[in-house]
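So the sequences go chain by chain: W and G. Under my numbering, the residue at position 51 of the first sequence is numbered 51, and the numbers go up by one with no gaps. Under my numbering, the residue at position 18 of the second sequence is numbered 18, and the numbers go up by one with no gaps.
It is worth saying that the hints were derived from the structure and are not from the lab. Careful: at least some of the hints might be erroneous.
Stated by the list, open to error - Restraint ranges, calculated between C-beta atoms of paired labels, are given here:
#1 W:C13 <-> G:Q80: 37 to 45 Å
#2 G:K67 <-> W:Q42: 45 to 53 Å
#3 G:T25 <-> W:H7: 33 to 41 Å
#4 W:Q42 <-> G:L112: 19 to 27 Å
#5 G:K68 <-> W:S18: 21 to 29 Å
#6 G:L61 <-> W:R114: 23 to 31 Å
#7 G:Q80 <-> W:F39: 23 to 31 Å
Stated by the list, open to error - Here are the simulated DSS-like cross-link-like pairs (lysine-lysine), alpha carbons at most 25 Å apart as the crow flies:
#8 G:K36 <-> G:K70
#9 W:K66 <-> G:K67
#10 G:K100 <-> G:K36
#11 W:K14 <-> W:K64
#12 W:K64 <-> G:K36
#13 G:K70 <-> G:K100
#14 W:K41 <-> G:K110
#15 G:K67 <-> G:K100
#16 G:K100 <-> W:K20
#17 W:K55 <-> G:K100
#18 W:K14 <-> W:K55
#19 G:K36 <-> W:K41
#20 W:K66 <-> W:K41
#21 W:K41 <-> G:K100
What you are looking at is a predicted structure, and each value in this text was computed from that prediction instead of being measured. C-beta atoms are modelled at their ideal positions from N, C-alpha and C, and glycine is treated no differently.
Now for the letters of each chain:
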Amino acid sequence: GAVVSQHPSRVICKSGTSVKIECRSLDFQATTMFWYRQFPKQSLMLMATSNEGSKATYEQGVEKDKFLINHASLTLSTLTVTSAHPEDSSFYICSARDGQSSYNSPLHFGNGTRLTVT
Amino acid sequence: GEDVEQSLFLSVREGDSSVINCTYTDSSSTYLYWYKQEPGAGLQLLTYIFSNMDMKQDQRLTVLLNKKDKHLSLRIADTQTGDSAIYFCAESPHTSGTYKYIFGTGTRLKVLA
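Only chain W is shown next, with the shape it has when bound in the complex (with noise of 0.2 Å):
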């Protein structure tokens, strides 16, 4: 089956430092990826739409600048937290879509990132 992989599955770092995550569609090609933030006790909230060689979509209230996204190749999005402060210091999730599937075909997750910033 459809395999995303999510790296670090989880990482401290001091506020004012920069992450990295990446996801991987390791057996499928994703034009689309999306990423997710999750609280804890809390539902997943989206924070963008990765789309393949342009720039991502932002939902309102997420900041682009803060919060910047790569997905360079079909198989790789980044989400790097930039100048990360505690109050980013959550899960985050991606998922990704078959791209040879329908619009509309179940999306497949990673198993998230626990970021902790000190």
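Take the given structure of chain W and dock chain G to it, following the hints.
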């Protein structure tokens, strides 16, 4: 609005059936999905149903869809302790052609041995 509602908690005994309910909002959703999230992990697709179907069964899982009431349910037969997790329903309304998911609030299922 775009709220997808679920009850927050459900507790069942091992071997019993679990029924998790979901109320969605957008009738343009072609598919509706159920995902499972274990602690500290991402989401695992359990099953999904096409909007013109009323019921779909897949081994221990049965999905019922009432499109008129915009109500979706997931029944887990013979619930096991390994089924303890958070369950999310999701709709994918056709908004701007991107089919973004809108997730429910999640139901935390606890299975008692």
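Results of checking the hints against the structure:
no.: 1; hint: W:C13 <-> G:Q80: 37 to 45 Å; in the structure: holds, 38 Å
no.: 2; hint: G:K67 <-> W:Q42: 45 to 53 Å; in the structure: violated, 28 Å
no.: 3; hint: G:T25 <-> W:H7: 33 to 41 Å; in the structure: holds, 35 Å
no.: 4; hint: W:Q42 <-> G:L112: 19 to 27 Å; in the structure: holds, 25 Å
no.: 5; hint: G:K68 <-> W:S18: 21 to 29 Å; in the structure: violated, 49 Å
no.: 6; hint: G:L61 <-> W:R114: 23 to 31 Å; in the structure: holds, 29 Å
no.: 7; hint: G:Q80 <-> W:F39: 23 to 31 Å; in the structure: holds, 29 Å
no.: 8; hint: G:K36 <-> G:K70; in the structure: holds, 21 Å
no.: 9; hint: W:K66 <-> G:K67; in the structure: violated, 40 Å
no.: 10; hint: G:K100 <-> G:K36; in the structure: holds, 18 Å
no.: 11; hint: W:K14 <-> W:K64; in the structure: holds, 21 Å
no.: 12; hint: W:K64 <-> G:K36; in the structure: violated, 29 Å
no.: 13; hint: G:K70 <-> G:K100; in the structure: holds, 18 Å
no.: 14; hint: W:K41 <-> G:K110; in the structure: holds, 14 Å
no.: 15; hint: G:K67 <-> G:K100; in the structure: holds, 20 Å
no.: 16; hint: G:K100 <-> W:K20; in the structure: holds, 23 Å
no.: 17; hint: W:K55 <-> G:K100; in the structure: holds, 17 Å
no.: 18; hint: W:K14 <-> W:K55; in the structure: violated, 28 Å
no.: 19; hint: G:K36 <-> W:K41; in the structure: holds, 14 Å
no.: 20; hint: W:K66 <-> W:K41; in the structure: holds, 24 Å
no.: 21; hint: W:K41 <-> G:K100; in the structure: holds, 22 Å
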